[in-house]
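Peer 1: Chains as they are written, first to last, in our numbering: chain W, 1 to 118; chain P, 1 to 124.
Bear in mind the hints are in silico, worked out from the structure with no lab data behind them. For each residue, glycine too, the CB sits at the ideal point set by N, CA and C. Don't take every hint at face value.
So the derived list for chain W, only partly shown, Cβ under 8 Å to chain P, looks like this [what the hints assert, rightly or not]:
1. Gly-19
2. Met-27
3. Lys-62
4. His-67
Just a sample of chain W residues kept apart from chain P, beta carbon distances all over 10 Å, derived [claimed, not checked]:
5. Cys-6
6. Gly-9
7. Leu-43
8. Ala-44
9. Asp-86
10. Lys-87
11. Ser-91
12. Pro-94
13. Glu-100
14. Thr-101
15. Glu-112
16. Leu-113
Here are the chains, one letter per residue:
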Amino acid sequence: MDTEDCIDGAALDRLRRVGQDKLVRQMIDIYLDYAPKMLRNALAGEQAGDCMAIEHAVHSLKSSAGHIGASAVHDLARRLESLARDKQFDSIGPLLRELETAFEQARLRLEELKPIDP
Amino acid sequence: MKKIAVVEDNPDNQLLVRAILSEHYDITSYETGPAALEGLPRDPPDLVLLDISLPGMDGTEVLRRIRADAALGQVPVVALTAHAMTGDRDRYLGAGFNDYVTKPIVDETVLLTTIERLLNAREI
Numbered sequence: 001m002d003t004e005d006c007i008d009g010a011a012l013d014r015l016r017r018v019g020q021d022k023l024v025r026q027m028i029d030i031y032l033d034y035a036p037k038m039l040r041n042a043l044a045g046e047q048a049g050d051c052m053a054i055e056h057a058v059h060s061l062k063s064s065a066g067h068i069g070a071s072a073v074h075d076l077a078r079r080l081e082s083l084a085r086d087k088q089f090d091s092i093g094p095l096l097r098e099l100e101t102a103f104e105q106a107r108l109r110l111e112e113l114k115p116i117d118p
Numbered sequence: 001m002k003k004i005a006v007v008e009d010n011p012d013n014q015l016l017v018r019a020i021l022s023e024h025y026d027i028t029s030y031e032t033g034p035a036a037l038e039g040l041p042r043d044p045p046d047l048v049l050l051d052i053s054l055p056g057m058d059g060t061e062v063l064r065r066i067r068a069d070a071a072l073g074q075v076p077v078v079a080l081t082a083h084a085m086t087g088d089r090d091r092y093l094g095a096g097f098n099d100y101v102t103k104p105i106v107d108e109t110v111l112l113t114t115i116e117r118l119l120n121a122r123e124i
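Can you make the complete structure from the sequences, with help from the hints?
Peer 2: Written as structure tokens, this is what we have:
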């Protein structure tokens, strides 16, 4: 994996193997629509001091990021899920900031990688 | 074709599972536990793929109600879960799932062979 690339090409290759460029395109489109909502839910949970809301949001985000190869997003979401489950609210804030940054990087890269609709 | 019901709220998981399975199986999707519990008796599947962490009614409660239904009770149910720590497998099997598959799905053959094995076991 190219360490400069925040998207793991192997994940997209797996999707391509299952459903060709069409599936890759659809999965990226769904991620770009759905994942921001999960991130917003996590941030709303942070505002409300609601660990369970954060946990549910990052749990979904973790899975979606994993499928699309957004490795940093996946890893941060996994760590946040543990913290939220253990109600370690004070540790959550800094990690959410990192998640927001990683999320934006992944978003931009996915826009670049999305196969063109023929 | 055998019928598989997929109970999963994430749209990308739904799409991926459908992409992996729809060539071999007839797929029906439900986004919530209550929707599945309403639809399954009317359209009984040969196997259920059930997300553990559904919003609202969680997967283990959905399973409990499936098992309590005389018509559906013995249908093979495979847990779809992003939790995969030591002890989880025993917990899911103890709860009544026939097997489980972890998310993200990195190897689609695991999902396919798990389903195939359970469907073949039923036919013996």
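Peer 1: Are the hints correct? Go through all of them and say.
Peer 2: Structure-based check of all given hints:
For Gly-19/W, the shortest C-beta to C-beta distance to chain P is roughly 4 Å, which falls under 8 Å, so the interface hint holds. Hint status for Met-27/W relative to chain P: holds, with the closest Cβ pair at about 6 Å, below 8 Å. With a least beta-carbon distance of about 6 Å to chain P, the hint placing Lys-62/W at the interface is held under the 8 Å criterion. The interface hint given for His-67/W is met, as the beta carbon of that residue sits about 5 Å from the closest beta carbon of chain P, less than 8 Å.
For Cys-6/W, the condition that its CB be more than 10 Å from all CB atoms of chain P holds, with the nearest at approximately 16 Å. Every beta carbon of chain P lies more than 10 Å from that of Gly-9/W, the smallest distance being close to 14 Å; the non-interface claim holds. The claim that Leu-43/W is not at the interface with chain P holds, since no C-beta of that chain comes within 10 Å of its own (minimum 18 Å). Distance to chain P confirms Ala-44/W as a non-interface residue, since its nearest Cβ pair spans about 15 Å, more than 10 Å.
Every beta carbon of chain P lies more than 10 Å from that of Asp-86/W, the smallest distance being close to 14 Å; the non-interface claim holds. Every CB of chain P is more than 10 Å from the CB of Lys-87/W (nearest about 18 Å), matching its label as outside the interface. Chain P leaves Ser-91/W outside its interface by the beta-carbon criterion, the shortest separation being 20 Å against a cut-off of 10 Å. Chain P leaves Pro-94/W outside its interface by the beta-carbon criterion, the shortest separation being 23 Å against a cut-off of 10 Å.
Separation of Glu-100/W from chain P is adequate, the least Cβ-Cβ distance of about 20 Å exceeding the 10 Å criterion. Interface exclusion of Thr-101/W from chain P stands, the closest Cβ pair being 22 Å apart, more than 10 Å. Every CB of chain P lies more than 10 Å from the CB of Glu-112/W, the least distance being 19 Å, so the non-interface label holds. The non-interface label for Leu-113/W is consistent with chain P: the shortest C-beta to C-beta separation is roughly 15 Å, beyond 10 Å.
In terms of the numbered hints stated before, the structure departs from none.
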